[in-house]
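Chain E is already provided as a structure; the job is to place chain B on it using the hints.
Given next are the chains, with one letter for each unit.
There are 2 protein chains.
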Amino acid sequence: MKRNMIIGIDLGGTNLKLALMDRSFRIKARQVFSTAGFSEKEDLVTGIAVSVNRIIDDNGLRKAHIMGVGLGLPGPVNSKSGLVHFFPNIPGWKNVRLKAVLQRKIRLPVFIDNDANLMALAEHTIGAARGMQNALCITLGTGVGGGLVCEGSIYRGSTYAAGEIGHVPVNEKGPKCNCGGIACLEAYIGNKRIVKAAKAAFRKDISLEELSARAQKGDVKAIRVWQMVGRYLGIALSGAVNLLNLDVIVIGGGVANAGSSLFDEVRAVVRKRAMSVQARHVKIAKARLGNDAGLLGAAILVQSHIGRRREKNQAGFFR
Amino acid sequence: MKRNMIIGIDLGGTNLKLALMDRSFRIKARQVFSTAGFSEKEDLVTGIAVSVNRIIDDNGLRKAHIMGVGLGLPGPVNSKSGLVHFFPNIPGWKNVRLKAVLQRKIRLPVFIDNDANLMALAEHTIGAARGMQNALCITLGTGVGGGLVCEGSIYRGSTYAAGEIGHVPVNEKGPKCNCGGIACLEAYIGNKRIVKAAKAAFRKDISLEELSARAQKGDVKAIRVWQMVGRYLGIALSGAVNLLNLDVIVIGGGVANAGSSLFDEVRAVVRKRAMSVQARHVKIAKARLGNDAGLLGAAILVQSHIGRRREKNQAGFFR
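Sequence order for the protein chains is E and B. So the first sequence is residues 5 to 323, counted in our numbering. So the second sequence is residues 5 to 323, counted in our numbering.
Calculated directly from the structure, the hints in this document are not laboratory data. Do not take every clue at face value.
Put simply, identical chains are the same to the list, so a pair is met inside one copy or across any two.
[Claimed, not checked] Dumping the calculated BS3-like pairs for lysine-lysine here, alpha-carbon to alpha-carbon at most 27 Å:
# : residue 1 : residue 2
1 : 32        : 67
2 : 21        : 32
3 : 287       : 84
4 : 200       : 177
5 : 98        : 276
These figures come from a predicted structure and were not determined experimentally.
Looking at chain E on its own, in the form it has when it is part of the complex (with noise of 0.2 Å):
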């Protein structure tokens, strides 16, 4: 029998999300579940491992032609090892062997990595960063993530926390972060703060998509709020270029969508304020993997462990 799919989960705040891929990354089934009845970390536990056994029993398929799983997790997580140092927004986890505790529960290969680097690996692999030497690759959302890719791999940094863009400072003094830093891209551009921008200019509640409609169709008011959020990513943009000299910055998460007003605006900064030679030389580019790039990306993660190894030996693991 072959082991011809994977399993690629994406684990949020709210909800967890599965798919079916083939090896070429297909999405052949998915499956939503929400983790709001979950709050101690053992029923997560075995949420996850109850839904792996779900899609699999769904799609009339065994374990034996599964590959193994791929996790993406919204944290900081020693991939390596398969431990997952803590969560920011879900209580109870610290230092947990989650990679170990899964592969006992489902009896397959399990993979773990932040979420922010997977996006990063699918956006490389398969997606706007293909191809490219150095790369960083940003999630705009409730909080500003990143994922960087040097000299063609994943920079995961010392103790696997690196890539957090939106924890660079644009100003000396400014509004405190939810990281307890100051003035961070995330304290300016983070989701709830370009609602409240929006709000500000509109004197009425406007949701981030009726922003990027309205800007798209040339209202100037929403026009000038994605310019103030473009404004503050091509600062920080601005910073990282000069550093680490990138050949692309990929831009996604539901607020890409904004589209030229945004983009345009990044572009102009990191032009005006970036070194010629660094800037000249780097794209900024949308997201191509849209939602589907942290699901993507584990199953690649999967594929980059499993797939060479697997070609040599047939035997595979836990048959």
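Here is chain B on its own, set in the frame of chain E:
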């Protein structure tokens, strides 16, 4: 005859420094030439070749004793192809194949790199960042230079221009920088800015050496100037630490002699503003190799290219 000696060269804006070293990077002889007379590019190239020949002759050696020549340069350099892109402070150099030109002229293997990268290479190989996987090495001088070590190797970036920590913005608005940017770190703490701040504090001209000496003796006004420097440096480093999750930041250059009033402030700002996982892990250390870092790095560059090859094949180069 054994090729047991290496020549390291550090080309600055005003001086050409040479050192003759053994394979353990012990400096056996040194020479300094002014570059003031070399207004033409060809004159400077000839000057380098003449000075290499002289340091060999003056020490009773022959070319057959020399493994190679390493050259640190004040600007972006493609260290692989040996191409000088340009020098910000020396006009007339644009896309010069310096490695090839020099090799033909002096008949020895030549390796070139940016001076900040060589400082980082030296500190990483035999200095304050020894044994570390991820490091940022900073030189505080007229400009603020930087070299990055990622996963144990010098990280040069996509067009050999990475490491420019001096051109990370620390404010949205602020002083114009020499690089064309706005509110870059260098625009706040380049040597001239520190001298200016010292003059404002003491109402008279005061050298950086004296400013350091006074701070070390407890002079409050001098300490405040260094704290200002440390504050801006700490802000830029908080961003670098969050983005790169470094093991160590090494600070060198004359200004690093200011002592604890500078270093304590940098550490305090990073501890306060960077994310806890990254801030707790990173060490902030004074450079160990002082003014010789560039020369030592140039020799290490030669050793890293030739050392192993030579062990395999005693035939060598240019014999």
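Right, here's what the structure says about each hint:
{"no.": "1", "hint": "32 with 67", "in the structure": "within (16 Å within a copy, 67 Å between copies)"}
{"no.": "2", "hint": "21 with 32", "in the structure": "within (14 Å within a copy, 64 Å between copies)"}
{"no.": "3", "hint": "287 with 84", "in the structure": "between (31 Å within a copy, 23 Å between copies)"}
{"no.": "4", "hint": "200 with 177", "in the structure": "both (20 Å within a copy, 23 Å between copies)"}
{"no.": "5", "hint": "98 with 276", "in the structure": "between (43 Å within a copy, 22 Å between copies)"}
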